[in-house]
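S.K.: Here are the chains, one letter per residue:
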Amino acid sequence: GIQVEQSPPDLILQEGANSTLRCNFSDSVNNLQWFHQNPWGQLINLFYIPSGTKQNGRLSATTVATERYSLLYISSSQTTDSGVYFCAVGYNNNDMRFGAGTRLTVKP
Amino acid sequence: IAGITQAPTSQILAAGRRMTLRCTQDMRHNAMYWYRQDLGLGLRLIHYSNTAGTTSKGEVPDGYSVSRANTDDFPLTLASAVPSQTSVYFCASSPRGGPLHFGNGTRLTVT
Chain L
333 GIQVEQSPPD LILQEGANST LRCNFSDSVN NLQWFHQNPW GQLINLFYIP
383 SGTKQNGRLS ATTVATERYS LLYISSSQTT DSGVYFCAVG YNNNDMRFGA
433 GTRLTVKP
Chain Z
3 IAGITQAPTS QILAAGRRMT LRCTQDMRHN AMYWYRQDLG LGLRLIHYSN
53 TAGTTSKGEV PDGYSVSRAN TDDFPLTLAS AVPSQTSVYF CASSPRGGPL
103 HFGNGTRLTV T
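Chain order of the listed sequences is L and Z.
Each position in the first sequence, counted from 1, maps to that position plus 332 in this note's numbering.
Each position in the second sequence, counted from 1, maps to that position plus 2 in this note's numbering.
Calculated directly from the structure, the hints in this document are not laboratory data.
Heads up, the beta-carbon is just placed ideally off N, CA and C, and yes, glycines get one too.
Hints may be right or wrong, so weigh each one.
[As the list claims (entries may be wrong)] From the structure, some residues in chain L lie toward chain Z, with a derived Cβ separation under 8 angstroms:
no.	residue
1	TYR380
2	SER383
3	MET428
4	PHE430
The whole structure should be built from the sequences, with the hints applied where relevant.
M.R.: Okay, here's the thing in structure tokens:
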């Protein structure tokens, strides 16, 4: 099956810093999504981004499908950004597979 | 409030017992999914359904079964639970090919 790799696995930032999270995938996909899992375990959809660039406040995402990667940018990080960020890819008849995640800790 | 409801929130189950985790959505989404989340392994797809009446195996289907009798409900059954099925189980739905929406999860412990 398709492989989804996220990097880095862990990231510690000071409040106000910027960061870039990466998601690589091993095959062609028909959609790509980014999620944030908060400390209470809830999974929130951040972006549905099969290609191109989208922005939502301090967060933005870019997917280059032809090169099989996506990037999530977090600017001016806040402590509430802490949690685990997952990317998920859709392929092969709507099968959706997740990466192992990036655990982000933002320190005040 | 529109969304996905999972029940129970948590459960402790003796090994060998049968258990059904419930999932209901009211968004009329075509596709529904079951994932398990284990520490360090992210979310792994168990089974999914593209539309009522159809189901497909995911990455880790062994020991689990699902049914999709209608659009709204997608129950997950463990026929004979084993300790390795201790996990947090998430149900999700999406319009076909669209953004996934998740329930709040069921924490299952098999002793």
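S.K.: The structure should be examined with respect to each hint, and the outcome stated for every one.
M.R.: Evaluated hints:
Among the interface hints, the one on TYR380(L) holds; its C-beta lies about 4 angstroms from the nearest C-beta in chain Z, closer than the 8 angstroms criterion. The restraint placing SER383(L) at the interface with chain Z is violated, with a minimum CB-CB distance near 13 angstroms, outside the 8 angstroms limit. Because the beta carbon of MET428(L) sits about 6 angstroms from the nearest beta carbon in chain Z, less than 8 angstroms, this interface hint is met. Annotation: PHE430(L) was flagged as interfacial toward chain Z, and the flag holds, the nearest CB pair being 4 angstroms apart, inside 8 angstroms.
Of the numbered hints given earlier, the model fails hint 2 alone.
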